[in-house]
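Top to bottom, those sequences are chains A and B. Per our numbering, the first sequence runs over residues 1 to 215. Per our numbering, the second sequence runs over residues 1 to 46.
If you are wondering where the hints come from, they were derived from the structure by calculation, not from laboratory data. Errors might be hidden in some of the hints.
Only some residues are given here: those of chain A computed to face chain B with a beta carbon under 7 Å [claimed, not checked]:
no., residue
1, G31
2, R35
3, I36
4, L82
5, V206
6, R208
7, A213
Straight-line alpha carbon distances no greater than 20 Å define the calculated SDA-like cross-link-like pairs of lysine to any residue that follow [unchecked claim]:
no., chain 1, residue 1, chain 2, residue 2
8, B, K29, A, L82
9, A, K96, A, T29
10, B, K29, A, V2
11, B, K29, A, R3
12, B, K29, A, R208
13, A, K96, A, A107
Okay, the calculated bits of chain A under chain B, using three or more residues with CB under 8 Å as the criterion [what the hints assert, rightly or not]:
no., stretch
14, 159-166
15, 192-203
Since this is a predicted model, take the numbers as computed values, not measurements. Just so it is clear, CB atoms sit at the ideal spot from N, CA and C, and this is done for glycine as well.
For reference, the chains in residue letters:
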Amino acid sequence: MVRTLGWLTAVGLLVGLVMAFGVAPREVTQGNVQRIMYVHVPLILASYVAFGVLALASIVYLVRRDAAADRVAHASGEVGVLFVGLGIATGSIWGKPTWGTWWTWDARLTSVAILFVMYLGYLLLRGSIDDPERAARYSAVLGIVAALDIPLVHFSVYWWRTLHQPPSLMKPGGFTGSTSILWPLLVNLLAFMLLYAYFVARRVRVLRAEAEAAA
Amino acid sequence: MIADNWGFVAAAYGLTALVLLLYWRRLAKRERELEALNQQPHAPRR
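Same shape as in the complex, but just chain A (with noise of 0.2 Å):
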């Protein structure tokens, strides 16, 4: 099962970067340089997702005490980071030739450094803790309450004048560009949860490994 998604993962990966490079157009007013855009969209999206079963999964926990939901909120909670991190890298490398700084402390880019930081505390405090029964309560509700941040990066572009621009694809009326641009957009949006679903089905799988090797 998490073999055949790993390589439904490749192959969305591979159809992905054929359709950001061979399939959409150079776009008219920033170049070549807006294809970072299929790499950088997917994977903060897909953060929003990891965040959003983590939270989740931390109320199963706290409601059910059960282990396996601890284990998906973890996982989750890691690829997330990993997502964001790198969502705010190309995000940081596709500004200095757009917006001619590779950051600046405006509202979206303020409040995802803050969710990225958020979820980094989730990782430490997890690792910090060394009774595990105690590290999963804590970490569920320090996961429940980050996740309010969530909704405040996505409308932080309409609430605040903000250099960024407005988002891509979740907006009032929905996509309005070509279509040329929001299928490969789609491919690898698609591309990138399917790797989100696939890292954290391994990761769950390390996670009960280790707990059957600490028992």
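For this one, chain A is given, so just place chain B on it according to the hints.
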């Protein structure tokens, strides 16, 4: 004419590919280690 900035594109895709590959390898390595550890026969009790 807008500059294409291919170097920035390569940096973004290259960094992403490298980090994801390293994470995937780390998971695979840890999984193999734990598999070997969990398959070790327990020492006989005296």
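Status of the hints after comparison with the structure:
1. G31: With a minimum Cβ separation of about 4 Å from chain B (threshold 7 Å), the hint on G31(A) holds.
2. R35: holds, 5 Å
3. I36: holds, 4 Å
4. L82: Since the shortest Cβ distance to chain B is 6 Å, the answer is holds.
5. V206: Hint on V206(A): holds, closest Cβ of chain B at ~5 Å, below 7 Å.
6. R208: violated, 9 Å
7. A213: holds, 5 Å
8. K29(B) - L82(A): holds, 18 Å
9. K96(A) - T29(A): Holds, because 15 Å separates the two Cα atoms, which is no more than 20 Å.
10. K29(B) - V2(A): holds, 16 Å
11. K29(B) - R3(A): Holds: K29(B) and R3(A) sit about 16 Å apart, inside 20 Å.
12. K29(B) - R208(A): It holds: about 15 Å lies between the C-alpha atoms, which stays within 20 Å.
13. K96(A) - A107(A): Between K96(A) and A107(A) the Cα gap is close to 18 Å, so the pair holds against 20 Å.
14. 159-166: Violated, because only 0 residues of the stretch 159-166 of chain A bring their Cβ atoms closer than 8 Å to Cβ atoms of chain B.
15. 192-203: holds (count 4)
Consistency with the previously given hints fails for numbers 6, 14, ordered from lowest to highest.
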